[in-house]
Amino acid sequence: MAESISNNIKPLTQWVNLQQPLSFDAYCQAGGYQGAKVALEHSPNDVLEIVKNSGLKGRGGAGFPTGMKWSFVPMFTDGDEEAPDNKYLVANADEMEPGTFKDRLLLEGVPHQLVEAMIIAAYTIGANKAYIFLRGEYYLAAKRLQDAIDQAYQNNWLGEKIQGSSYSMDLYIHCSAGRYICGEETALINALEGKRAIPRAKPPFPQVSGLFGKPTIVNNVETLCNLPHILKNGIAWFQAISPNSDAGSKIYSACGRVKNPGLWELPMGPTLGEVLYDYAGGMQDGLKFKGLLPGGASTDFLVAEHLDTPMDFDSIAKVGSRLGTGGLIVLDDKNCPVAMVLNLMRFFAQESCGWCTPCRDGTPWAVEVLTRIEQGQGKIQDLDTLAKLCDFMWIGKTHCALAPGAVEPLRSALKYFHDDFLQHIEHGCCHYNPSMSAKRTKVSQAQVTNIKKHQSVKSPQSPQSPKVGQ
Amino acid sequence: MSEKKVTIFIDDMPYQLSTEDNLLAGVLSQKLNLPYFCWHPAMGSVGACRQCAVTQFQDQADQQGRIVMACITPVTDGMRISIKNKAASEFREQVIAAMMTNHPHDCPVCAEGGECHLQDMTVMTGHSVREYQGTKRTFTNQYLGDLVGHEMNRCITCYRCTRFYNDYAGGKDFGVYGSKNQVYFGRQSDGALESEFSGNLVEVCPTGVFTNKVFSSHYTRKWDLQSAPSVCSHCSVGCNLSIGERYGSVRRVMNRYNIDINGYFICDRGRYGIGFVNGEQRIRQAKGIAQQSPAALTTLDVAKAFSHFRKKQFIGIGSARTSLEANFYLKNIVGAEQFSPGYNDEEMKVAAQHAQLLTSNKAPSLAEIEDSDFVFIIAEDISQTAPRMALSVRQALRNAAKTKAEKIGIASWQDSAVRTIGGKLLSPLFSLQSTSTKLDDVCQQALLLPVEQISKCLATLEKLLQLGNAQTINNDQALVQAVKHLAEQDKLSVTEQGFIASVYKALRKATKPLFISGTSGVCANVLSNIANLMSAFTAQNKLIAPRLIIVPPCSNSVGLLSILDEKSLSIEQVLAQLNDPDKSYQGLILLEQELANLSAVQITQLRKSAQTLIVLDHSAHRLSSIADIVLPVAAVSEGDGHYVNYQGRAQQFFQVHPPVLPIQESWRWLDNIADIVGTKVTSKASDAGDHESNYYTQVVAKKTRYESLTQLHQFFLDTYAQWPKLITKKGDKTQRDKSQQKAIARMSHRASGRTAQMANITVHEAKTTQKIDDSFTFSMEGKATGQSSDMPFTWAPGWNSNQAIGQFQTEINGQLLKASAAVFIPLSSALANNPCWRLTKSIKNSTFKSEAADSTVAKNKTANHLIYVQQKNVYFSEWQASLTAEFQMLRQSNRIYINAKTAQQAEVTKGQWGKIIFSATNEKMLWVNQTVISQIFIVNDLPDTLVFGNFALCQSLHHQLEMTISLACEQEVTDYLAQFNDALIAAKKSKENILESLKIKDQTIPIRLFSGGLNDG
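As they're listed, the protein sequences go chains A and B.
Just so we're aligned, residue 1 is where the first sequence starts under my numbering, counting upward by one.
Just so we're aligned, residue 1 is where the second sequence starts under my numbering, counting upward by one.
Pair ranges (Cβ atoms, derived):
| id | chain 1 | residue 1 | chain 2 | residue 2 | range |
| --- | --- | --- | --- | --- | --- |
| 1 | B | D106 | A | K379 | 19 to 29 Å |
| 2 | B | D62 | A | Q163 | 51 to 61 Å |
| 3 | A | G273 | B | Q16 | 52 to 62 Å |
| 4 | B | T140 | A | N86 | 36 to 46 Å |
| 5 | A | A177 | B | K509 | 33 to 43 Å |
| 6 | A | Q350 | B | N475 | 57 to 67 Å |
| 7 | B | G113 | A | A177 | 33 to 43 Å |
| 8 | B | D11 | A | G273 | 48 to 58 Å |
| 9 | B | K509 | A | N86 | 20 to 30 Å |
| 10 | B | N475 | A | N86 | 25 to 35 Å |
| 11 | A | A240 | B | G409 | 37 to 47 Å |
| 12 | A | Q350 | B | H749 | 46 to 56 Å |
| 13 | A | S165 | B | K509 | 29 to 39 Å |
Going by beta-carbon spacing under 8 Å, a handful of chain A positions derived as facing chain B:
| id | residue |
| --- | --- |
| 14 | P203 |
| 15 | P204 |
| 16 | V208 |
| 17 | A349 |
| 18 | G362 |
| 19 | G396 |
Simulated from the structure, these hints should not be mistaken for laboratory data.
From the three backbone atoms N, C-alpha and C, an ideal C-beta is built for every residue, glycine too.
Work out the full structure: start from the sequences and follow the hints.
Next comes the structure, spelled out in structure tokens:
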């Protein structure tokens, strides 16, 4: 099984070289800039149709069809009075999701691929200016991308009248000052404008009124990197890569106490078990698998019973989590799930932008409660409070998807690792922490059943995934 | 506001809601309680606080529903929502609980306590048990000046303050810092807030982060205040205020909603300028009247003092800052031929021109300003002379963005969305000024020019209009050529030509253009140019004629204007008349008139020529100290009267608290005087035809004393045809209403102090003060506030803060429920009938030329030919407000703005201290100098002839000025700074003294049982 997959083509990572990425000439020789050439030979409308029909979905986490996203950008004919003086394309390279490092590989390993991809995307939507919004810590990527951009300018793949066509485009790198919320496309736009990184009210959507009030498309790096290959090889080729409903390949990764942490480009839809055991090599010796977050920190925990689930957008959603970025964070049986959730919640509380009340004041509240539980000072009522907070910060109640994302690991941990939480409270200590010993041993059974009853009423929340713009 | 109403179901009950506003506004319009924080009726929705959650159902079958935020949800036909639904109400409670994780429990010592929106909303959601067990975050507070206090720990992060200060009012020195649950609202570093609207933070903040520092320093709870509806006495806009008093001292001013004028916001001059009422300069005793009993000044004392003046002739000088009644009364005591507004000749010309413009052009209200899509401000720094109007202009400029948003289906209440779409897009604002203004940042184009040059530009624009009517100027090229051709005659620069062309171009696209000018430039030519422009607009049909506003300086300037006629005297004429041996004038009555424009020499002259100088005023000034008789007059909070705003809208201000005798309203003093000397009535000779000469004036003895404003109005109405009937009609109505209904309480139901406040003197409960014909009671007894458009204070059950206003509006941002129609007084342009003040077109041309010639002569004579213009200042340009100690503490050291060329010539650079010597000949043809030490600032686009600064010059230096700039030596700068600092220290001392004396006074307030004249019994 594993062999058959690995024999498949790996369009995104085939040219990756982390030591020394391909120069312009080498990239061209390997077959680069051919997708962009195909695009420039077609009208923007034709390219849009190709992307639409390819079935490419956004790889940033939400899985929104890329072609459809682009089709919301208003197109104008020459002399149209309403036409804005510019449109913008932005590559979202602010990869700050904990446990996710797929874009970094593409940015550092094959920077020309992104440049080529952005030429195609910008050409299609009619943008003459494009930005790469890069995570501040990715210095090496910044340097390599800048080299690639410079080479592209020298070879007339950027700048005035690209390759003799009538299309001109400029590409800039913007290094982020470092906020998780900048991964949200409208907060990213605000940050790019020099404003506070706060998600904007939607509507208007960026496709209509984005950067500097102009139509703007923000796409994830991995999404964009598919474009050259789709253009070059065609829709049929792209759809044939994956046997599943979601087209193309995807970079999956795993971290945690596994034997072989890393990332692998695979056709869409390997099962969780395949990634965990066949590629990541299973758990380290002496450790047992306890659970995993399937797509970065802001997704729900999945446990052993879910390991047969294919990692595509719909299947993962069906079992109550989200594919997210496809980066597994694996939890073993020797590490405390409460501590893990606390650690994640601290991150989200730290990264809340401070705009809406549930997120701004709810995440620190959850941190406060989890800290007490982890330190063995929790009360049985705290589980009630946590459940309430999960509900408080859920989809529809907040300004953007950050807080619901923060809730996902917590609410699923409360479901799957409920006993761990109870033990912390009952015994007044964390069993995973060798420096702590149990202070209490008993808790009234009535209380426990009471809580359980309460939870069974509250917890069946819809496995719907948080969507941007709620 | 809106026409489109649809039926929606709230908790299964049908309601009619407007589709033009959001669901929250709709729900509140129905007087249903739904808590909110970040939404503000004037500032729209951003969806930050998530407090206004309701459950929305798909249809009747849907029982689950989903939570939506009402403030960002549009109203649609047939929509079903629930406020009571458990999920929504639990969520709202949870939002408060989350906010409370950081809000301190300091309500007992918080100045907002008892009128805190956060308190109200907390109670409304039912949150009462604290579950959060962690610590609270803390912040360091900032010093934001002496007007606004800062206590960041109380912040619930609703973002309203920055949305008001930065987005709505255009402030630059305030902002949001930090992130997560450590969001900080303040300045980059400590320092006084620079915006003239900073005081609104107090009302905009839903809790006690921003507090009124002046109020806090002599604090009382809202429910212990005695309040009455009032009108601002500090500029011509006439913002509606609610003034609060306790223990005989004015404590604070709050905004009083008026949809046409101030809406929800007032400027800092209006909010804090009331300080003069408690000030050290107050005149509290009569001077020059012998008192029979040491206990009190009686009517008899006044009668005796004035009995010498029976049948003697006085000249009366009225004022633009006193009530319409007092001015009218004075005019009829001294007679029309002896009445002066206290204006000099040039100001009289301006007044005549102003009156004519006002009669021919109905001035729009502030609400109408906000509709405009083109604004042109000419020679008036409204950001400082009528700040609230400038705030409305700022809102008008957002119309371009709103239109753009509307095109893609975004409603204008979606504040953040509209700002995203609009970006930097603004409707066009053009400005021709002599000094830089605080609206320059939003101007499409702003030119700094001397007044003469402004006049020339306007003349060219007028010619362009005429040309544009005769032939089609359809492209930019033709326009530039046309302007160039027209401008040749006046030798306008390329920049000026470009400006005119841009104005014309923008005017072509405008559908609701607006012109704003004012009288503070004191240039009749500019107003005359505007009059010509307006008639040029009427004569053509290609461009929409703009609406016009002329901004006069004072609260009752237009009221004063309305009673002037062709016989009115200028101050020069007053001086001449007093010195005329043929006319034996007894003297001069100055009604709340400080004659600020007179030089020291003129004052001496005036004193010498007037045998008797009678001054009626509330605060001491140059003339009160040399007067024979001084009568202490009530300030705006202590009496009744009417002010007429820039539109001609007459508004009554009501007595908040009775003053300590012998202080009483001007019109009561004048009534006492009229008792003795009688009033003059002009009658038509019975046998005569239509000739004016057949009118004769006779002195009529008064029959009764008028103890209330209603009685006075009745007297005026019966006696004088000129008295505007509209006001009297309104008086009638009030009287009728009153006979049927109870009066409204000046205090809240909860006023706790009244029965106990005198207990240290006597345990017997004092009887409440009585007043004839008063529509308000001096107690908590009476009808609740909100039963009339004149609300003493804003309060509704469950809504203790000013946000309660929503409960009294027909709908959010609508009229008040009990609104009475606005009263506009008729204006005559009679003043212009006087040939001296007339400024017809032909005269204009000749004066224009001769003045131009004069100035060229002057230019030749002077070495430097610089024209100095003083910047207007929100705190100091109005006399009464400038007496306020807190404002004195905000004084800035001298600054002069010159261009680079002038600086180079004077060998000074930016930031250096310069010595500026102004020299001129005074009235006695003596050469006088004034030296000013001032810091130099360079403004690049300033014409060579123009300089401006923030300091005043001696009045005697007004004309024919020569000016030299040089570097000041160190000693001079040190001396100046020492002097400047001394003044600041003195202001601080004065503030402390006032506070101390007020706190002593709190213990020994006098009881006054009757409010209606001097106490004779």
